[in-house]
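Starting from the known structure of chain B, fit chain P onto it as the hints suggest.
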Amino acid sequence: MPIHVEVVTQEKRVFEEPEADIIIIPGSEGEMGVLPHHAPVLTTLGFGELVIRKGNAEERFAIYGGVVDIRPDKVVVLADLAESSFELDIEAIDKARERAAQMMAEGIPEEENRAAALALRRAELAVRIRNKMQSRGTVMRIIDENDN
Amino acid sequence: MASAREIKKRIRSVKNISQITRAMEAVSASRVRRAQAKVLASRAYSEKAWEILLNVQHFAAKGTPLHPLLTERAEVKAAMVVLITADRGLAGAYNTNIVRVAQRFAQRLGKPVKFVTIGRKGRDSLIHAGRNIIAEFSDLPADPTTDDIAPVARLAIDEFLSGSVDQVFIAYTDFINTLTQRPVVLGWLPLIPYTTEDQVAAEYVKDVPVVSGGAQDYEYEPNAAAILDEIVPRFTELQLYQAVLESQASEHSARMVAMRNASDNATQLTADLTLVYNKARQSAITAEILDIVGGAEALHDTIEKAADEILAAYHAATQPSNGKSKPATRKNVRGSSSGDDLTRIEGIGPKMSVALQTAGITTFAQLAQSSEDTLTAAIEAAGMRLAPSLSTWAEQAAFAAKGDWDGLRQLQDTLVGGRKA
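Chains B and P, in that order, are what the protein sequence lines are.
FYI, the working numbering numbers position 62 of the first sequence as 407, with every residue one higher than the one before it.
FYI, the working numbering numbers position 310 of the second sequence as 854, with every residue one higher than the one before it.
Hints are computed from structural coordinates only; laboratory data are not their basis.
Being a predicted model, the structure only gives us computed values, none of them experimental.
The beta carbon of each residue, even a glycine, is placed where N, CA and C say it ideally should be.
No false leads were mixed into what you were given.
Here are some chain B residues pointing at chain P (derived, C-beta under 7 Å):
(1) Lys357
(2) Arg358
(3) Leu387
(4) Thr388
(5) Thr389
Bound-form chain B, shown alone (with noise of 0.2 Å):
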């Protein structure tokens, strides 16, 4: 039996598969795989990559943040952002990760502070999945029907 998966964000529906075979998850609490009758399970996530693999394909999202509903034939990650793997403009990422850490590194408000180390790990998280992907080689994707 195949797992419908949906990964959402407030503002759209970023992937939707009616069919996908495992769905690694970066949970909060460490990385899980969910398989096909999963028991049900809501956990929060963390920054981490969410790969979605269906036969040989398979689709990846960096996800920073959010909370996802594991139930045995389904899948919905609700993420507070989500970006395709493929499709991270590594230059916005680099100026981002400068930018954040220079302003760490010159003391700013405790409110801001905050926005920027969030931008900071961010842009890590970008930085490291670019360089998986790098190191991987070219990788057969699942057709993305979305409209994004």
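Positioned in the frame of chain B, the structure of chain P alone reads:
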């Protein structure tokens, strides 16, 4: 009637206005679609989140402490309404409607209400109404993201958590279709379905969506509270975000319809004014022709009078002693063949004068002495209809024959269409 030039100016300005309204209509039409697409796109998250919330709440009811944003307060001392309007007008009744609903709802609550406004129009109306506004947010971008509305959500959550208000509502306009937008009030905080006993207030309250999926017995990782901490603020924010998007879709479609009506009216007005303009132009031409004709006539009279005077002076000079002899006027000299101008008698037109001349009546003197029977015979001989003014002709002609033009005029003034009044 205004002059043709003034009307032309108005036509031009109406046409300019219609160009602007047409442009605004086109802009709004594309924005409606965009806002609608965004509402739909964000619905997936909110449905899921709402489902999870209900689920967590369902099991939390067994003893786990609820998230503070989910806790209903026993006593509601004060409430807050977030009013979402447009920054700009020209959108039909869009702004008025939602402001009115928000105010009525606040009245119905019967508790002190603090307002937070998104959009200048709502702010201005509430200030005018003397309401208590604690914050205002305007100039949201045309394409807002959750980041843009986050400060509003933060403020509402802080106010709620600090206990200064016990309920928070969002007053916004639900987009139903291009022609219909419904101003509604959404029970926002605490995040539980809001119900009210008050019939009137209940009319404005938006129904909570029914969520399928049922209660699943979940395992929580790491625990229910952590899940709620993650999802509740997001969901809270999202509800406001969706209300803003719905309002924007409504605003733009209201504006689109208003602008379409304005364009149609402008087209109609242009057509009407063009008609008036053509009429004015025509009457101006007619007036001009009449002026020219009148001028020519006046000139003609003046010349004749001058000629008469010259002739009179000539006769006076050549026959100074012969007082008895009738001074030959120019008319007499020339008029022996054609007679007097009988059309000067009111009631006699050019045709009638020809008829009379045919019957041998060519001078005023002859006419003055003609009996009504003679005249009737003359007219009938010419095959014309009898004139009702016949009876006064002799009297009029008597003045004319004496050359007493003033007397004639005085008499004619008392006549109506040549008849005695």
